[in-house]
Amino acid sequence: GPGGALYCSSWHGNTVDAWSLTTKKHVLHIEGPEVRGPVGLLFAHGPMPKRRLVALGDTRPPRKGGRAMVRMEAVSDEALVTHLGWDTEGGHRAKHNLLRAPLALRVKQGDTWRSVAEFPVRGRPIGRKGMSYEFGLTPATSLLWDLQTEGGNLTLRFAQSGGEEGGVEGLELTFPFDPRLCATTVLSGDWGEGGNFRLPAVISAPDLGQMLVTCPRRPNLGCRLLGNRAEQWVDVTFELPAPDAEGLTVEFAPVRLPMPEGFHDTARWAAGRRGWLNFLQVNAQPQGAGVWANNVISNPVSSTVFWLGDQVLLIPEAAPGVPLSPLLRRTVEFWLYDAIEPDGLIHYVETGPGSPMMDANPSVLVGAWCYVEASRDRAWLQAQIERLEFVARYLEGRDVDGDGLLESPQSGNRGTHTFGDTAWDTYSSGHKNAYVNALAYRAFRCLADLEKQLGRTERQARYAERADRIKAIYRETFYNPETDWLGWWRSEDGFLHEIYTDVVTDVAIIYGLIEPEDGRRMLDAYWAELQRSGFSRFDLGVPLNVRPVPRDDQFGEWGGKKEDGSDTFGKYLNGGCCVSNAYFTLVANTMAGDRERADKVLDAMLKRQAEGVFPNGGGFQNGVVNRYPDGAEFFDWQGNTCGYEGHLVYSWMFLQAMVLREPALRERLFRPLLTHE
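Going by our numbering, the first residue of the sequence shown is number 1, and it counts up by one from there.
Rather than coming from a laboratory, the hints here were simulated on the basis of the structure.
All the pointers check out, no bait thrown in.
With a Cα cut of at most 25 Å, we get these calculated SDA-like pairs of lysine to any residue:
1. Lys129 - Thr249
2. Lys471 - Asp401
3. Lys452 - Arg387
4. Lys108 - Glu169
5. Lys471 - Glu498
6. Lys562 - Phe419
DEER-style ranges, computed between Cβ atoms:
7. Gly415 - Arg627: 22 to 32 Å
8. Arg60 - Lys607: 17 to 27 Å
9. Gln453 - Arg537: 38 to 48 Å
10. Gly151 - Glu458: 54 to 64 Å
It should be emphasised that the depicted structure is a prediction, and the values quoted were computed from it without experimental measurement.
Virtual Cβ for every residue (Gly too), placed ideally from N, Cα, C.
Construct the entire structure; sequences and hints are all you get.
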């Protein structure tokens, strides 16, 4: 490296050290979140030649924000595009390089794919906005590749001249994205197998912006999304036919989401809009490819599909021509058929059954209702209704004692230290779980509504009765008179486990399992406890717990060493700020009549989201980290990270809560809970 020193980076890229090769001593140490590791090694026999690097497009942010920007850097005498960045909201974020390596263009000649680096090339700038490369494929045949930026748009044009034998038969253009910067992914309305998709599509770079990608002469152009979690890479490849002399273009246009229909708060929407599509991440790995996931190279999770359904109902397309309901349908079908046990229990994650997760089945059932509601696809419903009933039968079978509530296979007894029965998985919860039964209540209401749409009145009545029985016994089972709110679970030994959280009380209010006045009193009691705790970082949302969760109510070693759980308090699910849990707080307080309290938290979170706090511009993500405790999806009370993903889609649920301040939009999502009478 520079100065003849030897530079070494940690594998995950948080530190760089340099040693002098002449004095044999350590000369430099760099550490921090802005440090990223290498993408490969290059061995050379001598000094590397200095390349002629040309900056293209928007090299400086606009004096007044708002205009979308694209920035590229290219080598003029080689076919290398080394930097690609954009900021579709206007500002300085186009300086961030989305690429981990230069763009890769391959040419098909006969049965052989060859890199354009194998051919002689002439490069010339096109003003200050673009670059043109001409490759000599044969003495009489050349390939032209033009890259141009204008007004926040990026256009790639390919043309071929000559066309004799040995010319172009096909092209592949790969964008090697760096998920360590941000979890860049693809949103498409047309997914095939193995990560294949078709245009039009949106390339979404969290907190940097979204680009609508089209190919006017090939509107349904085939593409691929592939990635690897362990190796931390994401590739998007465009499969282009042989271009003619007229040329073929791939066009990138900035996307700005319109406000959801029925929402009118322009100031709050402007603050939160950039983060809305951060919630939508599509899996790039082979198992569950094209399915909604925690992030582009993380796990799909069944227990939260209902949140995806709600999101699609609120904003049904990512851009013109890119509907989101196909992503929801594909995700629901994956869990219904590809990740399910013979008895109907849906797996927690795509890799296998693992511990029984009792929120998985109701979550997918709600997601199915949301798909039908968004798409009006009655034919799909007719084809899938028996499969949905099969999934529901597993839930019905879990009312083991016949009292109307579902019982999880896990006992929930203190001291078992077992994996939990919900996505809040480090709680050793089980047996009668308030969160599980609230979600099951919504699922049965949704399934009853689907049966009604098909005219299956007996089935409709069956699932409506199931919901009624849950509601009839819900409050008396989970109410804790000592705290004046709801406990999380009642274990097999009859003990009510109080972990000082508002989540289950919030869900009960949102889904109508307790009356608003009753819920308001419970929330007042909880808010008083929150104030006594001294918590003040509302930009992080609210803590999941305001007192430590006892060690014996936590999974494995997560409870720490102290019996009361105080030595791990304030981190992860033991009182950490999970960001996603703020959704429940915000919606429940709004519905219970304390909008001022909800807005205090919401506006602090919106400010953080709009301004960003991490080097990549994120407020609630710092790229794909895949290492505990460096992920910015969970925080302690001082704002230090204590997650492991780095990007977790649920972190932007608070933006759903912002939209659900409008009663009409709550009615859109929760119609089966409101009209069942």
